[in-house]
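Read top to bottom, the protein sequences are chains A and C.
So that you can map any letter, position 235 of the first sequence is 1478 in the numbering used here, and since no number is skipped, the others follow by simple counting.
So that you can map any letter, position 247 of the second sequence is 309 in the numbering used here, and since no number is skipped, the others follow by simple counting.
Fair warning: there could be bad hints in the mix.
[As the list claims (entries may be wrong)] Distance windows between CB atoms, simulated:
{"hint": "1", "chain 1": "A", "residue 1": "1274", "chain 2": "C", "residue 2": "153", "range": "56 to 64 Å"}
{"hint": "2", "chain 1": "C", "residue 1": "110", "chain 2": "A", "residue 2": "1303", "range": "15 to 23 Å"}
{"hint": "3", "chain 1": "C", "residue 1": "190", "chain 2": "A", "residue 2": "1479", "range": "35 to 43 Å"}
{"hint": "4", "chain 1": "A", "residue 1": "1426", "chain 2": "C", "residue 2": "121", "range": "48 to 56 Å"}
{"hint": "5", "chain 1": "C", "residue 1": "179", "chain 2": "A", "residue 2": "1603", "range": "52 to 60 Å"}
[To be verified] Pulled from the structure, derived: some chain C residues nowhere near chain A, Cβ distances all over 12 Å:
{"hint": "6", "residue": "118"}
{"hint": "7", "residue": "293"}
{"hint": "8", "residue": "308"}
{"hint": "9", "residue": "321"}
Honestly, the hints are just simulated from the structure, not real lab data.
Ideal Cβ positions, reconstructed from N, Cα and C, are used throughout, including at glycine.
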Amino acid sequence: MIHRTPWYAAALLATLAACESRAVPPPLAPAALAAAPWTEVERQARGTTVTMAMWAGDEARNRFFRDAVARTVEQQLGLALRIVPVADVADIVNKLLTERTAGARGSIDVLWVNGENFRTARQGDVLWGPFADALPNSRLYADDARATDFGTPTEGYEAPWEAAQFVFAYDTRRVSEPPRTLAALEDWMAHHPGRFTYPAIPDFTGSAFIRHVLFHQPGVGAQRFAGPFDEQVYATGSAGALAWLRRVRPSLWRRGETYPATPADLNRLFANGEVDFTMSYGPGFASERIARGEFPDTTRTFVLDEGTIANYSFLAIPFDAPNPGGAAVLINALLSPQHALDKLVALGGILPIAPDRLSASDRARYLAIPAAAATLSFEVLAAHRIPEADVHYLLQFERDWRREVLQQ
Amino acid sequence: MPPVERQSLRAVLAVAATAALALGPLALMGVTSAGRQWFWPDLLPQAWSPRAWAALAAPGAGIGGAFVRSAVVASLVSVAAVVIGFPAARALALHRFRGRGPLMLALLLPVLTPPIAAAMGLHTVFLWLGLTDTWMGVAIVHLVPAVPYATLMLAGSFARFDTDLEWQARTLGASPRTVWLRVTLPALAPGIAVAAAFAFVISWSQYLLTLFIGGGQVQTLPLLVVGFVRGGDDAVAAALSLVFIAPTLVIFGSVARFLRSY
């Protein structure tokens, strides 16, 4: 008889037993955070570790947080910063939803989030708060930036952090004067067939592009889209917008039979001269890519005369954060003018705080930062800023685009 | 003579085409990782830059740690998948029993279900077990896709294995241990090598399961690769992809050598 003992089963059980759970620190109530003097909150957070989950697809950005930011918060606040790189924040939100259902302990203290992911997180009740108004530095941010996120009231469950504004990029060697209105863009496309395209929905950037078409229909305007979803307003704008998108489709790259799937794909088409424009939510993206050698040095950015969509991304605390007090202290530090200015120097982009809200010394430092050639000034961007609309407009228009533009 | 020459020419062309198909993408990634300002239709970049490789080599970049973590997890998974799959493969290949078909299906289910659905379900189970956010939990969850593959490959080897050899050795006085070491193991060694290599590569390339069960706390190489690919930093993504592919090439190269020598 060939005899075999199931030793592998014993080994597996031993392995399972070895993975015991860690101790859970005592919880902190959001109300206690709001009631405590801020110096006391900072004192209690000293010496703790804060784990922050953030999108990490950019090497310069990763390096900035790993080195400069981690050093600053360690020296000034005694916080040990741990970065958890994330490819897509939606994955983390899904993880939190599962943790909520399973009643498990969490591992992440700070989450970089906005828009749909925030809405999903709020609906699933997986955020800790309200906390944002308890942070001293949140007062520096504009009220509208703090109040809503794609039409979803933030209710203090996230604090505004980074400013984004939609910009287009072009190469001055190929296009001498870019079209700065929707009508001019349509005209340009008619004269240059195959030289323009946008990322396919549901890509975030592509979705923002078609929203500009929706907002900027003659006689509509972005202001009409402020406030909660209104069927009447939507119908007025969407008919013309869908017609516009269908009209220009034959003039798109590959006659609109296919679209780039991501902004990264569109950037490659642009860099290789297959199309003449690319676009991004990051006002500094072209400067960044010139520096990396991915775009020609002659690349510049522009905004539409009618305005381009601006929004904020936010920092939130998961409901099961092991260290919510430390998370609040870290977020406050990341909202500070010092951090915003350091980041502007290191990574470019735009300042999320209006310059006139800065102290005199911070403003002097801000004005001394040399502007990147391909990034528009804060003033130009601010003069062309239109707000993000209720997320239901976005979802409805994406559905209609699929049905009436893509499938035509 | 001419037909022979034509034949050898054809063979050379076939080898060259295969090599180009296999090495072309690697060469492309190599150039992308070190090039700057590389725009169509230029054959080569306008300038070269060590930026991407320097970024990977930077002390805080965590590439070395992620590499070691991935390698440890994948090695454990490789051994465990073979150990777990071995008896199952033997039973499936050598015995005809009731419920064998459904059992095969059950074994394949983790591979057949959409990864996101499997990952979310497994996440809940692992939360109950308290195995999330640990590298051990990640290694165990990698067994879910690795074991079916290992089992099927071993079952293939077992199907060609003659159990009478084991009985013959026994009747000649060999102990069960000797039979196992001198008869069974050598006969199945090629299957074990291939199964182990596949289990290693399956674990090595897991993204979604690692993200869910590791909770982002267990940083393996695929997590970093996907981040850079989605972020659109092509140079860093290409450099990291080359680092990522290297062990796979080494492993399949040595398995191929082993099989040839066998």
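CB-CB spacing for residue 121 of chain C and residue 1426 of chain A relative to the 48 to 56 Å hint: With Cβ atoms ~53 Å apart, the hint holds.
Taking the beta carbons of residue 190 of chain C and residue 1479 of chain A, is their distance inside 35 to 43 Å? With Cβ atoms ~52 Å apart, the hint is violated.
Can we confirm that no CB of chain A comes within 12 Å of the CB of residue 321 of chain C? 25 Å, holds
Against chain A, does residue 293 of chain C keep a CB gap of more than 12 Å to every residue? Answer for residue 293 of chain C: violated, closest chain A Cβ roughly 2 Å.
Evaluate the given range 52 to 60 Å for the C-beta pair formed by residue 179 of chain C and residue 1603 of chain A. 57 Å, holds
Between the beta carbons of residue 1274 of chain A and residue 153 of chain C, is the distance compatible with 56 to 64 Å? 60 Å, holds
Does the beta carbon distance between residue 110 of chain C and residue 1303 of chain A stay inside 15 to 23 Å, or does it fall outside? 19 Å, holds
Does residue 118 of chain C sit more than 12 Å from chain A, CB to CB? Incorrect as stated: the minimum Cβ-Cβ distance to chain A is 9 Å, not above 12 Å.
Just checking, residue 308 of chain C versus chain A, shortest CB gap more than 12 Å? The claim stands: residue 308 of chain C keeps its Cβ more than 12 Å from every Cβ of chain A (closest is about 20 Å).
Hints 3, 6, 7 from the list above are not met by this structure, while the remaining hints are.
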